[in-house]
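Asks: Residue numbers (the numbering used here), protein chains in the order written: chain W, 1 to 90; chain L, 1 to 237.
Calculated directly from the structure, the hints in this document are not laboratory data.
If we take Cβ atoms under 8 Å as the criterion, some of the chain L residues that face chain W in the derived model are:
| # | residue |
| --- | --- |
| 1 | P17 |
| 2 | R21 |
| 3 | R31 |
Label-pair distances were calculated between CB atoms; the ranges are:
| # | chain 1 | residue 1 | chain 2 | residue 2 | range |
| --- | --- | --- | --- | --- | --- |
| 4 | W | Q71 | L | P73 | 55 to 61 Å |
| 5 | W | Q71 | L | P27 | 19 to 25 Å |
| 6 | W | A43 | L | E44 | 33 to 39 Å |
| 7 | L | L84 | W | A43 | 15 to 21 Å |
| 8 | W | L74 | L | R47 | 40 to 46 Å |
Don't be surprised by glycine CBs; every beta carbon is placed ideally from N, CA and C.
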Amino acid sequence: MHELALMEELCDLAVRAALDHGAERIHRVQLRLGDRSGVDPRALRQAFAVVHSVIPWDPLCSKPLLDARTQLNLQLVSGTALELVDLEVS
Amino acid sequence: MCGTCGCDLTPSPSPSPSPRRLSLERPLLSRNDAQASRNRHHFEAHRLQVVNLLSGPGAGKTALLEQLAQHWPRGPVGVIVGDLATDNDARRLQHAGARAAQILTGDRCHLDADLVDQALRTLDLDGLGLLVIENVGNLVCPAAFDLGEARRVVVLSVTEGEDKPLKYPALFSRADAVLINKIDLCEAVGFDRHQALSHLQVVAPQAQVLELSARTGEGLESWITWLGDQANTAPDG
Chain W
1 MHELALMEEL
11 CDLAVRAALD
21 HGAERIHRVQ
31 LRLGDRSGVD
41 PRALRQAFAV
51 VHSVIPWDPL
61 CSKPLLDART
71 QLNLQLVSGT
81 ALELVDLEVS
Chain L
1 MCGTCGCDLT
11 PSPSPSPSPR
21 RLSLERPLLS
31 RNDAQASRNR
41 HHFEAHRLQV
51 VNLLSGPGAG
61 KTALLEQLAQ
71 HWPRGPVGVI
81 VGDLATDNDA
91 RRLQHAGARA
101 AQILTGDRCH
111 LDADLVDQAL
121 RTLDLDGLGL
131 LVIENVGNLV
141 CPAAFDLGEA
151 RRVVVLSVTE
161 GEDKPLKYPA
171 LFSRADAVLI
181 NKIDLCEAVG
191 FDRHQALSHL
201 QVVAPQAQVL
211 ELSARTGEGL
221 ESWITWLGDQ
231 ANTAPDG
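Chain W extracted, bound-state conformation (with noise of 0.2 Å):
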C-alpha cells in the first residue's frame, strides 16, 4: 500500500503550496498518472480519503486546507509520471 506513502506527500506538497500561496482551501488536486507508475488509481483514491482525514489542518491558521470536500482528479496517461499537476484553491 505504497499509495498511502505517495498521498502524504500529495498532501504535504499540496498545503504548502497553497500556503505560499496564500490560500485557505484547497477546492481540487489534480495528478498525472502514468500506467506504468507502480500505483493503482483506486488504491490511490482510498489513500487520499484516509490521508487528508488525518492530516486535515493547517497547522498555522487550524482551518481544514485539505477534507472529505477537496476533489481529486487523476490525468491518466501512458508512460512512468507521477506528478502534482495543479490545485485548485481560493
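Could you slot chain L onto chain W? The hints should help.
Replies: Same frame as chain W, but now just chain L:
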C-alpha cells in the same frame, strides 16, 4: 462583546474569494528523488557500485546474495537489506561474509531513499566496491522509489510462473537485468522458459536476462561477470 457571556463576537465571514488555479507540475516523489540524488552523489564519491535488487517474496534474493558475497572477486560486498520484521537476512548475509545492515520497515511495503541514507550511516563503506540494496519482497510498491542506485536488478524465480513480467510490468520495465532464479527446478515445476523469455522481451526488452540457481551455483558466474561489466561503465551509462 456579546450580551450573553461577554465573549468576543465571531466576526462575520468575509465573502470567499473565487477559486484560482495554481500550476505546480511537481513530481510527487520530489522529496524522495532529492534524497536519492544525494545518495547517488555519496555513492559516486566513494566509487561504490550500487544495485537495487527487487523481487516478490521468496524468489531467492538473499540466497543469491549469500552466493555473491562468497564469490565476488573484488573484495567485500555490502548489503542493505529491507524487511518488514526480523534481522534474519542480515545475519545470514553476515555469516556469508557480507557487510550487512538491516532496515526494519514495520508496515512499510518498500524502501525509500531516506531509509537507505539512514542505513548507510551504520555501514562501514571503507574498501567496499559493491553495495546491493535488497529491497522488501514485493513486485509492486518498490517500483516507484529511486534509492540512488546505478542499476536495478529484478529476480524472477521459476516457481512463480512465467507470466509475472506481464502481471507486474512497472517493476520489470525499469530493470537493467532480470535474473531467472531456481532454474534447476525448471522441469520439476513445469516452467515454460521460452514463454518467460518472450514475456520479458515484451515488457523489459532493455534488460539483460540471466538464468541461474542460487542453490546449485549454476549461472552464477554470468551474474558476477555482468556486475563486473557494469562497474566498468559510468553509473548513468
